[in-house]
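> With chain G's structure known, arrange chain C on it following the hints.
Top to bottom, those sequences are chains G and C.
Just so it is clear: in the first sequence, position 26 is 26 by the working numbering, and no numbers are missing.
Just so it is clear: in the second sequence, position 8 is 172 by the working numbering, and no numbers are missing.
It cannot be assumed that every hint is accurate.
Claimed, not checked - The calculated EDC-like cross-link candidates involving lysine to aspartate or glutamate, where the alpha carbons are at most 20 Å apart (straight line), are: (1) C:Lys208 / G:Asp10; (2) G:Lys137 / G:Glu126; (3) C:Lys205 / G:Asp35.
To be verified - A few chain C positions that, by computed beta-carbon distances, are all more than 10 Å from chain G: (4) Asn175; (5) Ala179; (6) Ser198; (7) Cys241; (8) Gly287; (9) Val290.
Just so you know, the hints here were simulated from the structure itself, not pulled from any lab data.
Glycine is no exception: its CB is placed at the ideal position from the N, C-alpha and C atoms.
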Amino acid sequence: MPFALVRIDDRLIHGQVVVGWVHAVRPDRIILCNDDVANSEWERDLYLNSYTDADVKIDVMSADEAIAYLKSPAFEKEKVILLVESPKDAWTLIEKGAPITNINVGGMHYKENAKEITSYIFVSEEDIKYLNLFHEKGIKIEARDVPNSKSYDLIERLNKMVRK
Amino acid sequence: MIRGVMLTHGNLGEALVQTAERIVGPVKNLSNVSSTGMSPKDLKIHLEKLVQSDDEINSACLIFVGLKGGHPWHVACRIARHHPNVSVISGVNLPMFLSFLIKRESLSFSELIKQLKTDAYRGIDVFTGDQ
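Just chain G, same shape as in the assembly (with noise of 0.2 Å):
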């Protein structure tokens, strides 16, 4: 199946995921890839413990265990939110295979060096040569923090900002 769901999101597992998208779009399961936190016990326990009021399994997983489970049976019966923290690590599992046709870019919080784009998305130089590597490979990219909120085209906010 599909993902349902592709998310950039420096917070990863938060209210506007397991509350906001996840009634939204219904998921099996939400899959947080991240290797740091899948390499720390304390950190995996912390985001597996977040509330949610729906029947939806959470997963954390490293790289290299998300392209498993996306190469397994079981994805193909299951409705998946998927969440990384950054372009970079999008672009590591697309690298790996991962069918990726979709982005949605809800949280690339304030970093020194980092262009505003919205008031939820910063942009530093290689965050802006993976979203244009995404862009090549014919993904969409659109920014939106939660489902009902408005949906922009990315890249051609990012041309906009470049033109200025």
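For chain C alone, coordinates are given in the frame of chain G:
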């Protein structure tokens, strides 16, 4: 005195504090932090600074957050992990916060936390009119 940190999205915390002040008067020893627009990293640095002063005077500190599993909750738990005098309570509501303000000087930290859980539930009830 047990200190409090109100850590919520948007203006929720500010509104709770203002509402509480109308009931019990001016509130001391409380920091109000909004997580809106802050990255996990920046929020952690900010909170770390706030609880440092508690460490120095060996005072207990309770962090109030709205949603267990929300971004403020994750960051607060990471702070509490390394500060034995800091705890995090989620599901903050007005009865819970009022109870904190009224009882924090008369109870120990662990007693207070237990009491807040009870009082937060106690305020939840349903009234339905005649059908």
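> Just pull the numbers of the violated hints for me, sorted ascending.
Hint 7 alone not satisfied by this model.
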